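2 protein chains.
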Amino acid sequence: MNANWKLLKNGLIVTINDSADVDTGDILIEGKYIRGIGSNLKHSDAQYFDASEYVIIPGLIQTHVHLCQTLFRNLADDLTLLNWLNKKIYPWEALHTPESLAISTKLGIAELLLGGTSTILDMGTVNHMDVVFEELARSGMRAFCGKTMMDKGEMPIALQENTSKAIDSSLTLLERWHNTGSERVKYAFAPRFILSCSKELLTETVKLSREYNVPLHTHAAENMTEVDIVKTMYNKDTISFFEEIGAAGPNLCLAHCVWLNDREKDILRDTKIKVLHCPSSNLKLGSGIAPIPEYLDHGITVSIGADGAPCNNNLDAFTEMRLAALIQKPKYGAHVMDSESVLRMATIEGAKTLGLENEIGSIEVGKKADLALIKLNQVHTIPYKSIYSKLVYSTPSSAVEHLIIDGEWVVKNRSLFNYDINDIMKQANYIANKLFIN
Amino acid sequence: MNANWKLLKNGLIVTINDSADVDTGDILIEGKYIRGIGSNLKHSDAQYFDASEYVIIPGLIQTHVHLCQTLFRNLADDLTLLNWLNKKIYPWEALHTPESLAISTKLGIAELLLGGTSTILDMGTVNHMDVVFEELARSGMRAFCGKTMMDKGEMPIALQENTSKAIDSSLTLLERWHNTGSERVKYAFAPRFILSCSKELLTETVKLSREYNVPLHTHAAENMTEVDIVKTMYNKDTISFFEEIGAAGPNLCLAHCVWLNDREKDILRDTKIKVLHCPSSNLKLGSGIAPIPEYLDHGITVSIGADGAPCNNNLDAFTEMRLAALIQKPKYGAHVMDSESVLRMATIEGAKTLGLENEIGSIEVGKKADLALIKLNQVHTIPYKSIYSKLVYSTPSSAVEHLIIDGEWVVKNRSLFNYDINDIMKQANYIANKLFIN
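Each protein sequence line maps, in turn, to chains A and B.
Per this note's numbering, the very first residue in the first sequence carries number 1; after that it's consecutive.
Per this note's numbering, the very first residue in the second sequence carries number 1; after that it's consecutive.
Okay, chain A solo, but in the shape it has when bound:
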């Protein structure tokens, strides 16, 4: 038996391949890669694993997360976006120490991994970002992450930076962490949003993200007031502004896109901008409901994310999938957002968003083995049919029993391989009480 080979036997495999194959069978893994999928596979060197009680899906991908905010969970309800940022989130991000940021990151990663999320696109905070990258590298998670850039607007002193500081510190982090700390951890530039970034900062970031071929991750058109301010500032709609500064292109990843007009939707389609949909967050901050069925009709790539703990208040891909399906139906009709399409948004469409569609997002020979094993023989998933419906509407994240990333067990029997969860919870409570709860 060689640890380099694994053979998962008799799982119900939801492949998310182009033919949408769903079949009971085996998955043979060598190192990081899937080498075989089929019936009665055998391999003399492999560690066998009985997967007959499990549904196996691609590891879930969340393309908009703020790990730095996990310690603010349940502490900032009932506020709209700009109040929420100015009264709660900015002051708290300003209070972060390396220690508090590390535990916030760990707590967020723990919740994500235990809930079957194997890959994230994370937006960080201004300071101490090395600790976020350190934790990501240690965790085994696949992640794009970037320091949030802000050179404009009223901010707590600790978050104030000028344009060159925001850019220089981003480049330092990129050089230190992009593909180096862990092959699974990559950099993404993260100017926060138009209101907190100068045109100069945004324009420079566009160039850098092209130069390094990494995602440009930002928020856009989340809230009507924000959209109005952008229009007043630049006499342009949000997406037209991005077009003007040369940002419109396949590596532009825009969280939210709740308030876009028809012309802006066409620009998304024509320039292959990616939409990162965060249904819980959009509801909770009273932002609105993003017109996702229209984006899908346009052929725009839409993926999902939980956003941060204080606007959700979870980091749960299953919750986001269920909500992504439900919230569109009153407006567009009960037939929209079928469960298979929604599961694709949380897997292969997330992979496309990150430019990783040839590596992850589906279970196929030659792809990396990022796999979530879900126990569905539970009271809320009986009867046991209609697998997509079950995964999207009836499966709680607690049904994820195991998670494999790059062929390695990261969660087994609902326990994290690389973390002591009790220790994390204890530290998180202690530090949150010290810094953020009065």
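You may find that some hints are simply not true.
No distinction is drawn between identical chains; accordingly, a pair holds when it is met within one copy or between any pair of copies.
Stated by the list, open to error - In the DSSO-like style, the derived pairs of lysine-lysine whose C-alpha atoms are separated by at most 27 Å in a straight line are:
id, residue 1, residue 2
1, K434, K375
2, K272, K367
3, K434, K165
4, K152, K236
Bear in mind the hints are in silico, worked out from the structure with no lab data behind them.
Note that the structure is a prediction, hence the values are computed from the model and not measured.
Given the coordinates of chain A, assemble chain B onto it according to the supplied hints.
Relative to the frame of chain A, chain B by itself:
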């Protein structure tokens, strides 16, 4: 030690009393009743239970459920109300045998109890309803239930009844089960909705529900097409029609109320009609979003329910609470539906809906001991503050560890006292495959 006395020590008690007290303390129970709440309680005859790891809330109350539909879970997605009823639900209810109805009921009850729901208002099906009452009485759950009455519209033959048959069979069930099989099980008349009931049937049911002083449980203004048909049939809005036939009053429990005009809202307020809010179901069937903040501003009693498994696809009070909070914020503002108000909807407002506000719905001396014990030291509920926010936004039903009804353990350590859950799941799968899955 006397099994008649129980003493829960050192729980975090969320009382839902008029002062909204939340304190760490003890609860002393004698038989069915809460006899003491406070610090350092002692009782020489009591069975002690260490509740120091738990939040203790009143058992949750769901006021609109269809246990008969649990076996149809995940089998009827992406349809609007009337198609969903005509193409899926009616044909399947017509196929029910006593055996399939019993297992559907058991599976539903199991999910509800394991998720902390101690009391329901259930709408049954047309036939074999004795088995539903038998299972309710056996389960230990507190429930109002009634046979669905329909004497109009196109139906599968097995569901067709004339007016007198619908009434007579309801009365037979009432006499057999109301306060008799189990003191916890009571009858509620359940004409399905205006479209499937003659005016004569509804008028007669109004009289009977007054005579027996039991709830009149029906669906109203769920879907715009339904509302239009009612208007065409009777030249009246839905609530005006109920008023005309004498139904408007405190025992009228109306599921949904998505599409009411201002005059109808005033009638609800003036006549103390109860609204049963089902957020998942209203989204999933594309029905709309009920204007709950307006009802609350009117002082109308609003409680919540999961509706049936095929339009949700769960029976989970925590999911409904979270959604009840979130879906109103884009329209009415992020400040509406604070988490404390939402938890009250799932507890004391549910009790008021059923006329049980002096018996259940809050943790107070003299009330019945219906208590859910929830373990909150979990990764998705850290940091451990803001208890209402945590319960409404971040607590999965899997965090319910124990449930007490009438002072009796019904769930302990996530296991049902009165049922073998593996046996239920196995039977449910077998029968669903035989009858409802082709």
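Any hints from earlier that this structure breaks? Give me their numbers in increasing order, please.
Checked against the structure, the only hint that fails is number 3, while the rest are satisfied.
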